[in-house]
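Undergrad: Let the sequences and hints guide you as you build the complete structure.
The working numbering puts the first residue of the sequence shown at 1, with every later residue one more than the last.
In short, the hints are calculated from the structure, not lab data.
One or more of the hints may lead you astray.
No farther apart than 16 Å at their CA atoms in a straight line, the calculated lysine to aspartate or glutamate pairs in the EDC-like style are these [to be verified]:
| hint | residue 1 | residue 2 |
| --- | --- | --- |
| 1 | K128 | D106 |
| 2 | K208 | E72 |
| 3 | K57 | E43 |
| 4 | K247 | E145 |
| 5 | K247 | D233 |
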Amino acid sequence: MPRPAINVAVRAARAAGNLIARNINRVEGLAVHEKERMDFVSEVDRMAEQLIIRDLKRAYPGHAFIGEETGEQGRSRQTWVIDPLDGTHNFLRGFPHFCVSIAMLDAGDPIYGVIYDPLRDETFTASKGDGAFLNDRRIRVTTRESVAGALLCTGFPYRQRRHLDAQMDMTKALLASAEDIRRTGSAALDLAYIACGRIDGYYETGLKVWDMAAGCLLVREAGGRYCDMAGRDGLPESGNLLAGNHKVVFDMVNIIQPLLTPELLAR
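TA: Right, dumping it as structure tokens:
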């Protein structure tokens, strides 16, 4: 049976997802603001985040909250981390690949996670120690032995193009052995796809905690591993992330090590 916190988060994610889906055909009429260079937020992002926080606060008034759009609210060992619309650029262009991501951290460690894709009606859930699920079906990472023949995924952060040369070098080195590399525009969904075996490995720089917390828990509970680019386990404060099954991640770490700058090696 799902934990109570998962049920609450699923209801909040689905409500936000329904709001997002209702607005996908009226994108041209939405108010859109550029937060930073090429980093946009729409009124739908903000409405969805407000809806999620409202629902979570009703159930857990003593918890803290970190939202991509509203920032930090309160202080607590238990903190909800929310990305109301991961893949905003896709949404604004009518590209059908985005999701809602909600995680609960206990002293910085993700213990509950929900990722909801409103267009495919796919709900990914995980609780620490209980496994990972897609629409109530248990999921596992792939069993691939190495990067050879693997399907990998990445993203190119809008705000951190200073790592572009290093990331292109990593991409070239990995693609020498991998089957192919995807770039979908939603880090949270990429990690959910790692957890359910659609993708073998993932790498990206400059992520925020709301981009990766729920997805990383899904990967771990599906039998996989996430770490920073130096191979250190845990949510990387740097936002420079690798994820996949244990063997693929081990291989990725070894392949990219000679190409990493000191900044990319930082925790």
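Undergrad: Next step is simple, just say for each hint if it's right about the structure.
TA: To see whether the hints hold, each was checked on the structure:
A hinted pair counts as satisfied when its Cα atoms are at most 16 Å apart, and K128 with D106 qualifies at roughly 11 Å. A distance of roughly 13 Å separates the Cα atoms of K208 and E72; the hinted pair therefore holds under the 16 Å criterion. Between K57 and E43 the alpha-carbon distance is near 21 Å, which puts this suggested pair outside the 16 Å criterion. With a C-alpha separation of about 6 Å, the suggested pairing of K247 with E145 holds against the 16 Å cut-off.
A distance of roughly 14 Å separates the Cα atoms of K247 and D233; the hinted pair therefore holds under the 16 Å criterion.
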